[in-house]
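Asks: Listed below, chain by chain, are the residues.
6 protein chains.
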Amino acid sequence: MMRLSPPGYAKFSQTNTLELAYGGGEANVAISLAYLGLNACHVTRFPDNLLGRAATQFLRQNWLDTSKVVYGDQRMGQYFLEKGAVHRASEVVYERDHSAFARLKPEMFDWEEILKDADWFHWTGITPAISQGTADACLQAIKVANRLGITVSADVNSRKSLWQYGKTRHEVLPSLIERSDILMASEYDLIDIFQLANDPENSSFKEVVKEVSQKLPRLNKIFDKAREMVSASHHRIQGKMWNGSSVAKTPFLDVTHIVDRVGTGDAYCAGVIFGLLHYKNDQDALRFATAACALKHTVEGDANMVSFENVKGLADGNTSGRIIR
Amino acid sequence: MMRLSPPGYAKFSQTNTLELAYGGGEANVAISLAYLGLNACHVTRFPDNLLGRAATQFLRQNWLDTSKVVYGDQRMGQYFLEKGAVHRASEVVYERDHSAFARLKPEMFDWEEILKDADWFHWTGITPAISQGTADACLQAIKVANRLGITVSADVNSRKSLWQYGKTRHEVLPSLIERSDILMASEYDLIDIFQLANDPENSSFKEVVKEVSQKLPRLNKIFDKAREMVSASHHRIQGKMWNGSSVAKTPFLDVTHIVDRVGTGDAYCAGVIFGLLHYKNDQDALRFATAACALKHTVEGDANMVSFENVKGLADGNTSGRIIR
Amino acid sequence: MMRLSPPGYAKFSQTNTLELAYGGGEANVAISLAYLGLNACHVTRFPDNLLGRAATQFLRQNWLDTSKVVYGDQRMGQYFLEKGAVHRASEVVYERDHSAFARLKPEMFDWEEILKDADWFHWTGITPAISQGTADACLQAIKVANRLGITVSADVNSRKSLWQYGKTRHEVLPSLIERSDILMASEYDLIDIFQLANDPENSSFKEVVKEVSQKLPRLNKIFDKAREMVSASHHRIQGKMWNGSSVAKTPFLDVTHIVDRVGTGDAYCAGVIFGLLHYKNDQDALRFATAACALKHTVEGDANMVSFENVKGLADGNTSGRIIR
Amino acid sequence: MMRLSPPGYAKFSQTNTLELAYGGGEANVAISLAYLGLNACHVTRFPDNLLGRAATQFLRQNWLDTSKVVYGDQRMGQYFLEKGAVHRASEVVYERDHSAFARLKPEMFDWEEILKDADWFHWTGITPAISQGTADACLQAIKVANRLGITVSADVNSRKSLWQYGKTRHEVLPSLIERSDILMASEYDLIDIFQLANDPENSSFKEVVKEVSQKLPRLNKIFDKAREMVSASHHRIQGKMWNGSSVAKTPFLDVTHIVDRVGTGDAYCAGVIFGLLHYKNDQDALRFATAACALKHTVEGDANMVSFENVKGLADGNTSGRIIR
Amino acid sequence: MMRLSPPGYAKFSQTNTLELAYGGGEANVAISLAYLGLNACHVTRFPDNLLGRAATQFLRQNWLDTSKVVYGDQRMGQYFLEKGAVHRASEVVYERDHSAFARLKPEMFDWEEILKDADWFHWTGITPAISQGTADACLQAIKVANRLGITVSADVNSRKSLWQYGKTRHEVLPSLIERSDILMASEYDLIDIFQLANDPENSSFKEVVKEVSQKLPRLNKIFDKAREMVSASHHRIQGKMWNGSSVAKTPFLDVTHIVDRVGTGDAYCAGVIFGLLHYKNDQDALRFATAACALKHTVEGDANMVSFENVKGLADGNTSGRIIR
Amino acid sequence: MMRLSPPGYAKFSQTNTLELAYGGGEANVAISLAYLGLNACHVTRFPDNLLGRAATQFLRQNWLDTSKVVYGDQRMGQYFLEKGAVHRASEVVYERDHSAFARLKPEMFDWEEILKDADWFHWTGITPAISQGTADACLQAIKVANRLGITVSADVNSRKSLWQYGKTRHEVLPSLIERSDILMASEYDLIDIFQLANDPENSSFKEVVKEVSQKLPRLNKIFDKAREMVSASHHRIQGKMWNGSSVAKTPFLDVTHIVDRVGTGDAYCAGVIFGLLHYKNDQDALRFATAACALKHTVEGDANMVSFENVKGLADGNTSGRIIR
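Same order as they appear, the protein sequences are chains A, B, C, D, E and F.
Mapping of the first sequence onto the working numbering: position 246 corresponds to residue 246, and the numbering continues sequentially without gaps.
Mapping of the second sequence onto the working numbering: position 202 corresponds to residue 202, and the numbering continues sequentially without gaps.
Mapping of the third sequence onto the working numbering: position 233 corresponds to residue 233, and the numbering continues sequentially without gaps.
Mapping of the fourth sequence onto the working numbering: position 82 corresponds to residue 82, and the numbering continues sequentially without gaps.
Mapping of the fifth sequence onto the working numbering: position 300 corresponds to residue 300, and the numbering continues sequentially without gaps.
Mapping of the sixth sequence onto the working numbering: position 210 corresponds to residue 210, and the numbering continues sequentially without gaps.
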């Protein structure tokens with residue numbers, strides 16, 4: 001998606017220039033992984049015009065393999081962001097309908113070919129929420145990944161309000177999730193998606209993931225994070241992980257001067273994926289993911305453009321931000 | 001529409017900021033008339049969100065009465081503009097489908113109320129080209145204007161490629177044009193719209209307008225302009241007018257250093273409307289309109305933000321651009 | 001007034017671009033009320049040149065009715081702002097002398113006509129401080145408002161140093177205040193304006209307003225706020241109100257990352273006016289006003305461009321700044 | 001003066017940033033001379049606040065000696081510039097009244113001390129036009145310069161409309177001009193200032209300067225330039241010089257793509273002064289001055305920031321603008 | 001190289017922001033070819049720090065394959081550009097010494113591997129001018145290309161002043177040129193490089209290339225262009241080609257409003273390469289190359305970011321710059 | 001040095017504009033002293049091109065005497081800064097090798113002449129770390145200062161990694177330090193430079209300075225500061241001073257919202273120098289220096305552009321940042 005936002009803390013009525021970047025759940029995860037040092041390929045559909053080309057160029061600039069992007073139609077998904085501060089919330093308007101992405105058809109992608117050299121496939125709950133086409137393509141990709149023995153991770157965190165094409169998320173997501181190995185999801189998501197009987201206000205993450213994991217034999221681990229919002233400028237972040245038997249948590253990281261709050265969940269997912277690939281110890285992976293998430297709050301734009309050294313330093317407890325020279 | 005363009009002559013892939021303005025045929029004409037000193041009201045439909053509000057604020061800032069704007073849906077029409085120079089053409093991508101404007105319904109507007117104090121109603125051929133709803137609303141407005149004795153002017157110049165909703169321009173436009181008093185149209189437009197037998201390459205403006213005017217008893221005058229494109233940076237502009245019996249032409253104005261070429265046709269229309277209201281002599285009106293058109297090439301954005309004194313000076317032959325202090 | 005400030009935290013010697021906005025006590029209150037959803041009209045005098053037109057356009061853009069602005073002379077009031085942070089104070093230089101506003105004469109305004117449909121009239125102590133002309137016009141307007149039964153509110157908070165035309169504030173303000181229904185003033189202001197015997201350092205808001213209110217039979221309520229300045233980047237705001245018999249206070253709101261501190265008092269006034277019109281309960285109005293004041297610290301420019309929903313959310317205790325999508 | 005202008009060709013209503021620079025007749029000449037390699041000192045009065053300091057810093061940055069600037073009052077002279085193109089004229093609004101400069105008093109400057117090491121003193125007709133104080137100080141400085149044997153040059157070109165303090169230019173300027181050695185003036189200026197009987201429309205430069213020079217025994221040379229304004233974007237410049245017996249002219253230089261037209265007359269004066277000091281041959285000086293003037297049209301801001309090599313190259317006929325590497 | 005330039009026509013002393021792009025002879029050619037639709041790979045050495053990464057990202061954004069870039073050392077080649085207009089020349093300062101590129105060693109590149117799938121190898125005379133290392137690496141690459149049967153093209157146009165490491169261009173270039181198939185060179189270059197007896201001022205392109213081609217049996221074609229510099233803002237461009245037996249020339253293309261003159265020679269080379277690959281007819285290739293060169297003058301930055309359709313349109317004679325929508 | 005940094009918190013790959021300023025240890029101290037009201041002269045060597053001129057102009061703009069700058073060579077020292085926030089550290093890349101400064105020779109400076117009217121000479125440990133030439137020139141200057149009875153202050157804080165020309169800091173610095181009167185140094189620096197036996201982790205500032213001061217009879221006072229880095233956005237600063245017999249410390253100043261952390265050590269040095277010259281009481285000087293250091297964190301760029309009043313206010317305990325109007 002094209003991201004358009006007034007500079008600084010201005011409102012749309014206060015500006016005649018907009019800052020332009022590109023983002024979106026899976027793209028953000030891919031870029032983040034590329035900055036951490038992995039080869040990452042983003043598969044999507046862009047409009048066949050100057051906007052689609054510019055978006056592709058943005059992904060290439062940020063180290064992604066874009067050879068699998070397909071082109072067609074004329075509209076680019078967009079979102080408009082007015083950045084808030086302290087007690088003033090950021091405001092976001094999405095324009096995803098009728099975009100080249102929303103109109104993609106499963107047959108536009110040859111997943112056997114696309115995934116043939118891949119080690120990992122990541123999807124988010126936003127994709128199946130956009131249209132029947134994206135939901136179908138996502139399911140096909142996951143099935144191919146399963147067949148090829150590729151690890152599948154899922155960030156299910158899609159707001160209910162996204163589902164506008166006639167399906168609800170508890171109709172669609174379970175069949176995708178049950179084919180995934182790693183899950184990022186809160187207890188609220190899981191209760192809703194799997195239509196559990198638990199009372200969302202009185203169920204712990206542990207209770208819910210325990211129950212859900214019984215239904216999902218393939219599932220390996222479930223990650224979540226706690227976010228305390230002191231204000232729009234100050235969040236506190238904690239990583240949580242269910243490893244099949246117990247829940248581990250990190251200490252809170254205190255992000256006292258937020259630069260850009262968007263994409264922090266995607267940064268967490270990328271941290272989880274990288275961490276699981278890089279570390280033997282799940283706890284190390286969790287700390288790495290939490291540090292990645294915290295660092296994203298200090299990076300402009302949707303994607304977490306920080307290096308492995310940056311994240312590792314914070315995961316190892318160095319919160320001082322001392323100048324690197 | 002929201003207009004988004006890279007700064008200066010940059011391409012989309014060269015920038016991370018976009019310049020933001022708002023424009024569109026009728027809005028441009030209205031703003032131009034407001035700068036010339038008339039009271040102008042823009043009637044449209046905007047999305048009911050921060051983009052619709054910001055667009056309204058832009059119109060208000062540029063002196064328009066926005067009390068008749070209606071709100072609904074979520075999408076704002078957009079266009080993306082890469083500015084060219086010399087031999088490099090500007091490129092424009094439009095995103096009008098599914099916008100709040102495209103989805104308007106005739107019953108959203110009470111034209112009797114809207115037009116009750118108006119002296120003039122102007123429409124462009126873009127409006128009926130967008131959707132059945134806009135076409136119907138346009139026709140209704142014209143009919144009410146006719147009933148109230150309000151002068152109706154039409155800029156028919158809508159590219160064929162705009163018509164995507166199942167109707168062609170020669171099916172729709174004639175019934176709107178025959179209820180209009182003043183027409184802005186080239187011989188090419190007229191041959192196509194009225195499906196004349198004339199060969200577009202070998203028919204003069206005079207021949208065509210003569211023939212067309214016989215079919216249109218209400219019609220008063222037809223205006224057109226010649227545009228010689230030396231390059232993307234240098235155009236030459238001439239005004240032309242059929243007054244019912246003969247064709248008058250102005251000398252060419254030489255615009256040697258184009259700042260912004262968009263909206264120059266709308267500036268011409270505004271010049272025609274203002275000129276006909278202000279001058280007794282048609283020839284004066286034509287010169288005024290041509291000068292307004294030429295000046296627009298030096299103003300950033302879609303609309304011609306110049307004063308009556310600015311236009312009159314050039315219409316009177318002062319091409320020197322001497323500093324006003 | 002034209003507001004000119006270097007970008008970010010730069011000093012004048014560090015920049016070759018200035019950010020341009022417009023503001024001023026009453027205009028800020030009016031814009032704030034317009035964003036909250038009221039019809040607001042700003043009455044002033046601007047220079048009759050491109051600066052006066054641009055200022056008018058700024059007000060129009062921000063929803064104000066500018067039909068009562070009068071034009072004349074050549075100078076626009078200005079102020080220059082260097083924004084500070086933490087221990088570095090912001091610096092402001094005012095240039096108000098000889099402006100079109102300072103030179104206005106009472107006879108330039110027909111208050112009967114201007115106020116004929118109004119429900120509320122608001123003035124600030126800055127206006128009568130500028131010149132005899134502005135003081136006289138302000139008094140005339142208040143008298144007309146009284147006659148028409150329009151509520152009059154006054155923000156008396158004008159620095160002593162403003163009074164340069166030969167009168168002091170205790171000579172001029174009492175006769176304006178005694179005709180006002182709602183007052184925004186601190187105990188320090190009131191002691192000075194009414195030349196009370198109280199020791200400013202040892203008198204409470206309650207003691208002083210009690211005494212003052214005996215002299216002002218028309219007066220209904222007095223509002224004030226406490227501002228703890230932890231640093232230039234961090235203030236704490238509390239609303240206070242005397243309702244004729246007792247003093248109510250809100251909890252402190254902690255503004256930890258100030259974006260723009262200018263105009264926060266005007267935002268408070270607008271919150272008071274809107275709150276008193278909207279809520280039955282004074283305490284609700286006070287909470288609303290305090291929230292409005294706190295939010296202004298996060299908005300660039302002089303005026304509080306936030307919606308009713310924004311303010312109400314904070315007044316209701318939602319300090320989290322959660323993204324609105 | 002502080003110069004404030006919208007970026008590019010925008011109008012004040014189209015921008016929320018202004019470009020900031022400083023300029024003014026004598027300052028422009030001084031900066032231009034400094035860039036050509038001379039030691040130049042600017043003597044003026046600035047406000048005693050952050051604006052006066054920033055203006056001083058601008059002059060220092062541009063190589064001037066600012067040790068003779070005096071400070072007082074609060075207002076900085078300003079001008080607002082909207083840049084035009086082609087047929088659209090630039091518009092300028094001046095705000096000079098009540099500035100620190102306008103309020104200077106002759107006794108604030110010790111000219112004996114200021115001029116003790118100077119070789120040349122230059123004044124413009126703008127200075128005595130501002131106030132009695134500036135006129136008196138200018139006359140005092142010229143008298144001291146005469147006494148110290150310093151060459152005095154005068155650019156008399158002050159628009160009549162500048163004179164607002166009760167004196168006209170033909171009352172004030174003659175006594176200043178008669179003490180000057182070098183004059184920059186057109187025949188129109190001279191007829192008006194010396195109240196000659198010549199018809200301005202039918203008198204040549206030669207006729208007029210011949211007559212004037214008889215009244216001015218001290219006068220050495222009179223320089224003027226012809227400016228053909230093809231449009232706001234394209235001027236043609238010719239230098240003219242009366243050397244006491246005959247008039248010499250340069251060929252026209254064709255400035256086809258004007259970047260900034262302001263200060264071109266000051267650049268010409270600086271070229272005259274430098275040329276007369278540097279060249280033995282008046283004709284060489286004239287060519288140098290004309291080239292300096294033409295080059296200023298390509299430099300942003302008020303002052304001609306070009307080197308001796310830049311000017312000499314053009315004076316020697318190199319119009320190709322070949323890249324210097 | 002990192003390209004740093006003040007915005008617009010500002011000088012370094014007038015700005016506190018610099019525009020950042022990346023460029024350099026071969027990179028410009030490669031980017032230009034990529035925009036025309038070819039797969040292009042840039043082989044170079046960048047510093048192993050954030051600057052080297054950012055430069056790589058720029059190349060990736062502009063469609064290049066950067067998998068062959070090697071990293072080491074700390075310094076990025078740079079150049080500083082002050083853009084001129086009309087009679088004011090642009091000024092360029094280069095900082096190439098001690099850069100990662102200047103310090104590359106031939107053994108850092110495995111040309112067999114790099115070129116194994118290539119069809120074409122292009123080098124410029126700048127590379128062997130920088131250091132012995134770059135000269136050696138260039139020769140090695142050419143030899144491998146010869147061995148693999150890859151077409152080699154050479155843009156010999158390296159200024160004499162570049163050669164600072166102890167060799168002159170006539171010592172080094174001939175052995176590289178004699179292994180090349182296509183040459184871009186003027187008669188002046190050729191006389192100097194091959195130390196011909198011809199008088200540069202009185203020898204035609206035809207005479208010189210005839211003579212040179214006898215010494216270079218491998219050589220196929222020699223391209224050159226004529227550039228008439230009306231001013232820094234207006235050039236006229238003509239393509240010239242020696243096909244082994246005769247010289248062909250295109251008409252002049254008139255670039256009347258130059259946006260960015262840098263890299264126009266590289267755009268010509270890219271046009272030659274693309275043209276020779278795409279067209280059967282040399283004359284078509286020459287017209288295409290000349291059009292590509294002319295278009296580059298309208299594109300910001302070093303590289304010609306225009307499409308095949310853009311160039312073909314101009315090569316086919318469409319100079320009107322009509323908006324593409 | 002030229003300082004180039006992306007705007008705000010952007011990374012190099014996210015921007016196409018860089019912010020340009022100039023800085024460097026001694027220059028920062030000199031500018032800071034000039035803003036505090038002293039006459040300050042910066043002695044250095046700049047390249048003889050447009051970059052050297054622009055750097056000189058920056059120094060002049062910031063009130064320095066630049067008459068002692070010498071010019072030669074082509075390269076300007078540079079550094080590239082990516083600004084971090086919270087847990088993300090700023091990153092700096094230096095390019096000092098081969099610069100005009102690194103290549104200076106002692107004989108290029110006539111220190112007798114340069115220092116003849118000076119009261120104070122300040123050097124930093126960076127200068128002798130760059131090259132043998134700079135080390136020699138620094139020593140010469142100190143010797144001349146000693147001879148002329150000028151106070152010499154030294155900020156020894158040069159990172160070990162700077163020393164690349166074959167000498168280590170403990171070989172070079174002692175002979176410079178023993179000729180200095182005032183020292184800014186931490187216990188870690190001193191242990192390393194004087195190769196003390198103390199364990200850096202278990203020695204107090206007091207212990208170390210006591211020992212060092214015995215070796216340095218000339219030495220008068222040693223200043224240091226404690227910096228607690230809560231995060232990259234929040235530091236706490238404390239001043240420390242050894243006056244020959246005891247260590248004094250200030251309370252910590254809490255810099256909660258850092259704007260620019262670079263140059264804060266230089267601001268401290270300038271505060272020490274000014275404080276010692278201005279105050280009789282060392283403790284006052286220390287408080288002044290600490291306040292100067294804290295304030296620098298709120299000023300963009302390398303140098304502390306704050307006034308005496310700004311610093312004194314904070315030194316006197318006013319941390320509120322109340323607007324100055």
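Calculated directly from the structure, the hints in this document are not laboratory data.
In this text, all values refer to a predicted model and were calculated from it rather than measured experimentally.
For each residue, glycine too, the CB sits at the ideal point set by N, CA and C.
Where hints are given, some of them may not hold.
[Said to hold, decoys possible] What the simulated footprint calls covered on chain B by chain E, stretch by stretch (three residues with Cβ under 8 Å from a Cβ of chain E suffice, anywhere in the stretch; the number is not a length): (1) 2 to 11; (2) 23 to 33; (3) 108 to 121; (4) 229 to 241.
[Said to hold, decoys possible] Residues on chain E that point at chain A, a partial pick, calculated with CB under 8 Å: (5) 16; (6) 60; (7) 202.
Asks: If a hint holds in the structure, say so; if it doesn't, say that too.
Replies: How the hints compare with the structure:
1. For the segment 2 to 11 of chain B, the stated coverage by chain E is satisfied: 4 residues place a CB nearer than 8 Å to a CB of that chain, which reaches the threshold of 3.
2. Note: the segment 23 to 33 of chain B has 0 residues with beta-carbon separation from chain E under 8 Å; the three-residue rule is not met and the coverage is violated.
3. Coverage of the segment 108 to 121 of chain B by chain E is violated in this model, with 0 residues showing a Cβ closer than 8 Å to a Cβ of that chain against a need of three.
4. Note: the segment 229 to 241 of chain B has 6 residues with beta-carbon separation from chain E under 8 Å; the three-residue rule is met and the coverage holds.
5. With 8 Å as the threshold, the beta carbon of residue 16 of chain E stays out of range of chain A, its nearest partner Cβ sitting at about 17 Å, so the hint is violated.
6. This hint holds: residue 60 of chain E has a C-beta 5 Å from the nearest C-beta of chain A, less than the 8 Å allowed.
7. Among the interface hints, the one on residue 202 of chain E is violated; its C-beta lies about 49 Å from the nearest C-beta in chain A, farther than the 8 Å criterion.
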